[in-house]
Amino acid sequence: MTQQLLDSEEIVTELDISHLTIEDDTPVDNFQSEEQQRLLVEPLYSSKALPAPFLAAANVGLFYKLKGDPIVPDILLSLGVQRADDLSQRQNRSYFVWEFGKVPEVCVEIVSNQEGDELTLSKKSRQKGKTTIKKEIYARIGVRYYVVFDPLKQIQGKDEMNEALLRVWSIAPSGYTELTLAEGITRIGQSVWLDAAGIGLALWEGQFEEDVTRLWLRWCDREGQVISTGAEGREIERQRADRLAERLRAMGIDPNEV
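Residue 182 in my numbering is what sits at position 182 of the sequence shown, and the numbering runs on without skipping anything.
Simulated from the structure, these hints should not be mistaken for lab results. For every residue, glycine included, the Cβ atom is placed at its ideal position computed from N, Cα and C. Some hints could be false.
What the hints assert, rightly or not - Calculated pairs, DSS-like style, for lysine-lysine (alpha carbon to alpha carbon, straight line, at most 25 Å):
| # | residue 1 | residue 2 |
| --- | --- | --- |
| 1 | LYS124 | LYS134 |
| 2 | LYS123 | LYS158 |
| 3 | LYS158 | LYS67 |
| 4 | LYS158 | LYS134 |
| 5 | LYS153 | LYS130 |
| 6 | LYS102 | LYS48 |
| 7 | LYS158 | LYS128 |
| 8 | LYS102 | LYS134 |
| 9 | LYS124 | LYS102 |
| 10 | LYS153 | LYS123 |
| 11 | LYS67 | LYS130 |
| 12 | LYS134 | LYS123 |
| 13 | LYS134 | LYS67 |
| 14 | LYS128 | LYS102 |
| 15 | LYS128 | LYS65 |
| 16 | LYS65 | LYS130 |
| 17 | LYS67 | LYS124 |
| 18 | LYS153 | LYS134 |
| 19 | LYS130 | LYS158 |
| 20 | LYS102 | LYS153 |
Said to hold, decoys possible - Between beta-carbon pairs, the in silico distance windows are:
| # | residue 1 | residue 2 | range |
| --- | --- | --- | --- |
| 21 | GLN239 | LYS65 | 47 to 55 Å |
| 22 | PRO173 | VAL212 | 38 to 46 Å |
| 23 | GLU178 | ILE236 | 16 to 24 Å |
| 24 | THR131 | GLY189 | 17 to 25 Å |
| 25 | ILE236 | ILE188 | 16 to 24 Å |
| 26 | LEU66 | ASP86 | 20 to 28 Å |
Please build the complete structure, drawing on both the sequences and the hints.
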């Protein structure tokens, strides 16, 4: 892949990426998407649900060629790699396929409007001369799983989500084949297992960081149990400790002396 990216027969020791825009500081997300992105990144690190090393990141450029724009998934998950220590170096601040040696296993798109080109080209993109949707790009570069979550039901056309909230595709020799059922995932509690990534995804309804119940996409285990955030994990441990203390007191034992 590196040789194809470079299109050169010369021995290369360092790539010139000075022409690439790796960060433009343009605000692009709404509150729903921003919270959802954090809910899909933080639990992976705080729960130790995946064996290290791995890299999970939100809204970071995925550069798969030296010329042209990157694709920017809302969430990417790449196994067996980790960030470089020195983030002052430009080559360490984005996901350059030639630096990491592989594409991510999972790329997630969280739909917030009808302009994202997740499954069909928007009118604006067609006017700009774009011809390729994100799904086709991810398939072409070999991302194992492509995930589209449409919590606000923005792209529900027949060639798009078609009444589903969540659809997942898996790479095959001919491109992507849908991993979820034909009707997609439509209900709270339904999940899909990403075998090659060793983790699943589930629809969950609950409160995250505020006292408002919303629909969320969560990582889950094979049984569909969601992976806890750090705060949820600490609360679970506190409740477990409280129950143990109550049992000890019922046995006439002071838990503070154990």
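To see whether the hints hold, each was checked on the structure:
1. LYS124 x LYS134: Given that 25 Å is the threshold and the Cα spacing comes to 15 Å, the pair holds.
2. LYS123 x LYS158: 17 Å, holds
3. LYS158 x LYS67: 34 Å, violated
4. LYS158 x LYS134: 17 Å, holds
5. LYS153 x LYS130: 24 Å, holds
6. LYS102 x LYS48: Holds, because 22 Å separates the two Cα atoms, which is no more than 25 Å.
7. LYS158 x LYS128: Satisfied, since the Cα-Cα distance of roughly 24 Å is no more than 25 Å.
8. LYS102 x LYS134: 18 Å, holds
9. LYS124 x LYS102: 32 Å, violated
10. LYS153 x LYS123: 18 Å, holds
11. LYS67 x LYS130: 16 Å, holds
12. LYS134 x LYS123: Holds: LYS134 and LYS123 sit about 15 Å apart, inside 25 Å.
13. LYS134 x LYS67: Holds, at about 17 Å.
14. LYS128 x LYS102: Not satisfied, since the Cα-Cα distance of roughly 30 Å exceeds 25 Å.
15. LYS128 x LYS65: Holds - the C-alpha atoms of LYS65 and LYS128 are around 21 Å apart, at most 25 Å.
16. LYS65 x LYS130: The given pair, whose Cα atoms are some 17 Å apart, holds under the 25 Å limit.
17. LYS67 x LYS124: 23 Å, holds
18. LYS153 x LYS134: 18 Å, holds
19. LYS130 x LYS158: Measuring from Cα to Cα gives roughly 21 Å; hence the hint holds.
20. LYS102 x LYS153: Since the Cα atoms of LYS102 and LYS153 sit roughly 33 Å apart, the hinted pair is violated (cutoff 25 Å).
21. GLN239 x LYS65: 47 to 55 Å: 50 Å, holds
22. PRO173 x VAL212: 38 to 46 Å: Given range 38 to 46 Å: holds, Cβ gap about 44 Å.
23. GLU178 x ILE236: 16 to 24 Å: Violated: the Cβ-Cβ distance is about 34 Å, outside 16 to 24 Å.
24. THR131 x GLY189: 17 to 25 Å: Since the Cβ atoms of THR131 and GLY189 sit about 38 Å apart, the hinted range of 17 to 25 Å is violated.
25. ILE236 x ILE188: 16 to 24 Å: 20 Å, holds
26. LEU66 x ASP86: 20 to 28 Å: At roughly 22 Å between Cβ atoms, ASP86 and LEU66 fall inside 20 to 28 Å, so the hint holds.
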